[in-house]
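Undergrad: Put chain B on the given structure of chain A with help from the hints.
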Amino acid sequence: MNFDMGAYGVYIWPAYGVSALAIIGATVWTVAGWRRAKAKLAALEKKK
Amino acid sequence: MQFLFRYANPHNFMRLSGAVLPFFALATVLCLAAGLYLGFSVPPDYQQGTTIALLFIHVPADVVAEAAYGAIALCSLLSLVWRHPLSDTAARAAAPFGALFTALGLITGALWGKPMWGTYWVWDARLTSFLLLLFLYLGYMALWNAIEDETRAARAAAILALVGVVNIPIIKFSVDWWSTLHQGESIISGKIAPVYLWPLLLMMTGYMLLFATLWLIRIRTAIMERRARNLMQGGPA
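These protein sequences, in sequence, are chains A and B. Reminder that position 33 of the first sequence reads as 33 in the working numbering, one-by-one numbering, no gaps. Offset between the second sequence (1-based) and the working numbering: plus 48.
It should be emphasised that the hints constitute simulated quantities derived from the structure, not laboratory data. The reader is advised that the hints may include incorrect statements.
Result set (DMTMM-like, lysine to aspartate or glutamate): computed pairs, CA atoms no more than 25 Å apart in a straight line [what the hints assert, rightly or not]:
| # | chain 1 | residue 1 | chain 2 | residue 2 |
| --- | --- | --- | --- | --- |
| 1 | A | Lys40 | B | Asp197 |
| 2 | B | Lys239 | B | Glu198 |
| 3 | B | Lys162 | A | Asp4 |
| 4 | A | Lys48 | B | Glu273 |
| 5 | B | Lys162 | B | Glu273 |
| 6 | A | Lys38 | B | Glu198 |
| 7 | A | Lys38 | B | Asp93 |
| 8 | B | Lys162 | B | Asp172 |
| 9 | B | Lys239 | B | Asp172 |
| 10 | A | Lys47 | B | Glu273 |
| 11 | A | Lys40 | B | Glu273 |
| 12 | B | Lys220 | B | Glu233 |
| 13 | A | Lys40 | B | Glu196 |
| 14 | A | Lys46 | B | Glu273 |
| 15 | A | Lys40 | B | Asp172 |
Next up, chain B with everything else stripped away, as it sits in the complex:
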């Protein structure tokens, strides 16, 4: 906890994040380039044919969508319990990216569903819980914008984020708990062929690094905007 609080100081955060950002950005580009190269070099799947190419953008988008929500929930907990100074800013900054990657997961999933299942959409447990994740993101952002007092808005949004976190294990285990059209887990269980696993892991790493890069920039932007507001009101920067 001491470690977290040391970097909760906006000044230290700006210094540290500024130092790591170029490396994050470079690693993002390298991972995505290598992932795409390998992804477009794989043979067609024996069942799914060339639609296996969708694996490399669908799964990473889903992983980031869930990870971003986990990050918001963790920041919300830090805010509510320990009054961590930067956590509300960090939680709010992650939400637009979480919503975007959730939407990407839904769109790429629908475009995969049509040729493989014969339908763009079905109300099965995985798809429905993932759609709920999008609504949680939209509700979270709407709540932040609806309450004018920033402290109250942060408190309400943090509570909503923590209540909504129950949806994350539901998404993950929906394919085990219920009979779904969506396929079951295949990475951790080792069912996926290595030829598809490596490009997938590279793309997942690339997407996660991309999210981390954009998130850090958004937090830095929010800190600078707050400093500017304070200066305009005549207070300390």
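Next comes chain A alone, as it looks inside the complex:
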């Protein structure tokens, strides 16, 4: 594998960084929302 992007690294690495942040962020947001909804539903069903 080659990570030496030469002079173009100033464009390539920010693009990869933003993409990684967006993907990780979207995954965390999605899973956190699912867990919240699951916990809320379980608590309500228990109360019933």
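TA: For chain B alone, coordinates are given in the frame of chain A:
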């Protein structure tokens, strides 16, 4: 159509989606890992040098951005014509991801444009129609939030989504119909060298699987939130 309606039942959808999700998640990680490994092992392009590395994140983001809009339009059609019970939920759940991948396509494209074209942005047909896609996503989400009555909101959003779908072929063929700074299509026509094609296909598959995984989780979340709302109002779950 019968097949679709069988899985439109939220109970069946939860069961089926719960079964396939772990495989989708695993396939996503495997495809992205293999795509990145191959992507960082390719030689520099004879014209674009090392910026070819941007191909592997720019094109997949664009593909998902357009596919997500296609999914929203299809769900909207199912909702308006056949009153498919889950379609509004599915359409709404896809929008944030579509907007995110559109933004990623624009950002990675701008960062590729500067070293290759000498500018981050130009108002050519491809870039402008792709920016319009972002505005369509934002408008779609805003419309859902602006109307309080969920049935009316769903109807209005579905109509907007179907009107906006005309932009998808415009994005696709913009590079053929008009003289654009953005390069033409190179995958289907076979112009791309195989050494770049394979990592690109893996990354495209990985991005599509990632979208499918996140989308399914969002739909499941929306179903559970609706059940919780019904329980709080004293109705059936």
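Undergrad: Next step is simple, just say for each hint if it's right about the structure.
TA: Each hint, compared with the structure:
Note on Lys40(A) and Asp197(B): the hinted pairing holds, with a Cα-Cα distance of about 23 Å set against a maximum of 25 Å. Annotation: proposed proximity of Lys239(B) to Glu198(B) is violated, straight-line Cα distance about 47 Å (limit 25 Å). The suggested pairing of Lys162(B) with Asp4(A) holds, with an alpha-carbon distance near 19 Å, which does not exceed 25 Å. The suggested pairing of Lys48(A) with Glu273(B) holds, with an alpha-carbon distance near 16 Å, which does not exceed 25 Å.
Restraint check for Lys162(B) and Glu273(B): the C-alpha separation of about 44 Å exceeds 25 Å, so the hint is violated. Note on Lys38(A) and Glu198(B): the hinted pairing holds, with a Cα-Cα distance of about 22 Å set against a maximum of 25 Å. For the hint pairing Lys38(A) with Asp93(B), the CA-to-CA distance comes to about 48 Å; that exceeds 25 Å, so the pair is violated. About 15 Å separates the Cα atoms of Lys162(B) and Asp172(B), which keeps this hinted pair within 25 Å; it holds.
Taking the CA atoms of Lys239(B) and Asp172(B), the gap is near 22 Å; set against the 25 Å cutoff, the hint holds. Distance check on the hinted pair: Lys47(A) and Glu273(B) sit about 16 Å apart at the alpha-carbon level, within 25 Å; holds. For a cut-off of 25 Å, the pair hint linking Lys40(A) to Glu273(B) stands: about 8 Å separates their Cα positions. Pair hint Lys220(B) plus Glu233(B) holds up; C-alpha atoms about 9 Å apart against a cutoff of 25 Å.
As the CA atoms of Lys40(A) and Glu196(B) are separated by approximately 23 Å, the hinted pair is consistent with the 25 Å bound. Restraint check for Lys46(A) and Glu273(B): satisfied, since their Cα atoms lie roughly 16 Å apart, inside the 25 Å limit. Of the pairs offered as hints, the one joining Lys40(A) and Asp172(B) is violated, with about 48 Å between alpha carbons and a cut-off of 25 Å exceeded.
Going through the hint list in order, the structure does not satisfy hints 2, 5, 7 and 15.
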